[in-house]
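K.L.:
Below, each chain spelled out in residue letters.
There are 2 protein chains.
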Amino acid sequence: MTMTIAFMLYPGLTALDLVGPLQTLTGLAQLDPRFRTVVLAEDRATVSSDTPLLLAAGHTFDEIPEPDVLIVPGGIEGTLAALTDERLIGRIRHAARTAQVVGSVCTGSLLLGAAGLLEGRRATTHWAMRHLLERFGAVPVAERWVEDGPILTAAGVAAGIDMALYLTARLAGEETARKVQLWIEYDPQPPAGGIDWDAVDIPSYRPITDALLTSALAGHPRMLEHLTG
Amino acid sequence: MTMTIAFMLYPGLTALDLVGPLQTLTGLAQLDPRFRTVVLAEDRATVSSDTPLLLAAGHTFDEIPEPDVLIVPGGIEGTLAALTDERLIGRIRHAARTAQVVGSVCTGSLLLGAAGLLEGRRATTHWAMRHLLERFGAVPVAERWVEDGPILTAAGVAAGIDMALYLTARLAGEETARKVQLWIEYDPQPPAGGIDWDAVDIPSYRPITDALLTSALAGHPRMLEHLTG
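Chain order of the listed sequences is A and B.
The numbering used here applies: residue 1258 is where the first sequence begins, and numbers increase by one.
The numbering used here applies: residue 1258 is where the second sequence begins, and numbers increase by one.
Quick caveat, the hints were computed from the structure, so don't treat them as lab data.
Since the structure is predicted, the reported quantities are computational estimates derived from the model, not experimental observations.
Keep in mind that a hint or two might mislead.
Any copy will do: because identical chains look the same in the list, a pair fits if it lies in one copy or spans two.
Stated by the list, open to error - In silico SDA-like links for lysine to any residue, alpha-carbon gap of 20 Å or less: (1) Lys1436 to Ile1459; (2) Lys1436 to Arg1293; (3) Lys1436 to Arg1463; (4) Lys1436 to Arg1291; (5) Lys1436 to Gln1446; (6) Lys1436 to Gln1287; (7) Lys1436 to Leu1288; (8) Lys1436 to Asp1300; (9) Lys1436 to Ala1468; (10) Lys1436 to Asp1467; (11) Lys1436 to Ala1353; (12) Lys1436 to Pro1290; (13) Lys1436 to Leu1481; (14) Lys1436 to Tyr1462; (15) Lys1436 to Gly1451; (16) Lys1436 to Gly1315; (17) Lys1436 to Ala1426; (18) Lys1436 to Ile1321; (19) Lys1436 to Asp1289; (20) Lys1436 to Ala1449; (21) Lys1436 to Arg1344; (22) Lys1436 to Ile1452.
Work out the full structure: start from the sequences and follow the hints.
P.N.:
Structural data, given as structure tokens:
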């Protein structure tokens, strides 16, 4: 039996939220035929990302409604708009009934929250949006990735790669995860080192976050009130 | 004057080679309007990647033939096949005449080599293909990224993010690069730590590399002979 690891595609998402873990878990599928990765969307039309790259899925949700693993990428405007897309949220809710793992990257966890999957669960998201998790009944955690039952949430953008390597090790063992890491040459050397969190005044970014929310949810006052009221 | 940072799209490339630096440098463009990123291909048709995600460019090479920066992603089959795509190689050669920086990720450096840009230059690529750089007159270097004049090459796949942060700092300063890094939350925590290179027997992968080359270049005996003969 092949395990299907599905990635959700929707307009305006952050490209690296999707591609980081997709590349990692496709590396797993290339090494171990017990796994396959797919990208799911409502249809095969090309959609925008938050970069100048356009993206398209290989399959529709109707074709693969119940993957074994579902991973939901995040973003800014596109993801905040998706919070009120009942069809998309319904796809997540439906898949979560049977999936072994429902994961997210960055603000993708807010979409899991909108689907009702974070109630009482520890979860994480992009650092600038972390306080919003409480609005969905979650317990916000400042970790690179957080696993609570079937829910596996990663911090912002690039954290999806770390989470995907963790998931690779969980599904196929640490030796396989190390092989995938070697193949994608994930031996990070940020020129300025890691992030110095002590130097980041997270509350000072709150006006920026609020402005993003107000702009993205201008047509959805109830969701805006839910998140900022 | 806006500086145009262009990414080359072609069929079969490694998605993360493209999206890692694209997300990073688009973060720069979001912070600093002196920069913009674009994705260039022969046309706007959807092309495959080495994952189940399909990709499309926002512009054609004809529309933007002379970007200020050109970054060429790599891959396996798709990139090896591209080595003999004279039109694609010609696009690189043309852009290199006027670009301030011509960069590559992973085996994208082999395409720079095929365009004649690596002659006598220090360069890097994916660890499993590093020996091939000599076939293009380059001096192979085992570093995360290598800058030699206008040529900036990164190691395999994920190394493109580190290279892009370096380039961000060079173009816009270290403070801006740190802001981009914070926004994409690039604070890597590989679950098993970094790669232990002492445990990697690179020559033992040579038969795998040779098999990939033989398969991808089956219809191009001269290039195959050039690389393996």
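K.L.:
Against each hint, give a clear statement of whether it holds in the structure.
P.N.:
The hints, checked one at a time:
1. Lys1436 to Ile1459: Answer is between: at 13 Å across copies they meet the 20 Å cutoff, but 36 Å inside does not.
2. Lys1436 to Arg1293: So lysine 1436 and arginine 1293 pass the 20 Å test inside one copy only (17 Å; across, 36 Å).
3. Lys1436 to Arg1463: This pair counts as between: shortest inter-copy Cα distance 16 Å, intra-copy 40 Å.
4. Lys1436 to Arg1291: Classified as within: same-chain Cα gap 16 Å, cross-chain 40 Å, threshold 20 Å.
5. Lys1436 to Gln1446: So lysine 1436 and glutamine 1446 pass the 20 Å test inside a copy (19 Å) and across (17 Å) alike.
6. Lys1436 to Gln1287: within (11 Å within a copy, 35 Å between copies)
7. Lys1436 to Leu1288: Within one copy, since 8 Å is at most 20 Å while 36 Å is not.
8. Lys1436 to Asp1300: neither (34 Å within a copy, 36 Å between copies)
9. Lys1436 to Ala1468: between (43 Å within a copy, 19 Å between copies)
10. Lys1436 to Asp1467: between (42 Å within a copy, 19 Å between copies)
11. Lys1436 to Ala1353: neither (29 Å within a copy, 35 Å between copies)
12. Lys1436 to Pro1290: For lysine 1436 and proline 1290, the Cα distance is within 20 Å only inside one copy (15 Å; across copies 40 Å).
13. Lys1436 to Leu1481: Neither: 44 Å inside a chain and 27 Å across chains, both beyond 20 Å.
14. Lys1436 to Tyr1462: between (38 Å within a copy, 12 Å between copies)
15. Lys1436 to Gly1451: Answer is between; shortest inter-copy Cα gap is 12 Å, intra-copy 24 Å.
16. Lys1436 to Gly1315: neither (26 Å within a copy, 34 Å between copies)
17. Lys1436 to Ala1426: Classified as within: same-chain Cα gap 10 Å, cross-chain 31 Å, threshold 20 Å.
18. Lys1436 to Ile1321: neither (28 Å within a copy, 39 Å between copies)
19. Lys1436 to Asp1289: Classified as within: same-chain Cα gap 11 Å, cross-chain 38 Å, threshold 20 Å.
20. Lys1436 to Ala1449: Between copies only: 11 Å across, 27 Å inside.
21. Lys1436 to Arg1344: neither (38 Å within a copy, 35 Å between copies)
22. Lys1436 to Ile1452: Close across copies (10 Å), not inside one copy (26 Å); limit 20 Å.
Hints 8, 11, 13, 16, 18, 21 from the list above are not met by this structure, while the remaining hints are.
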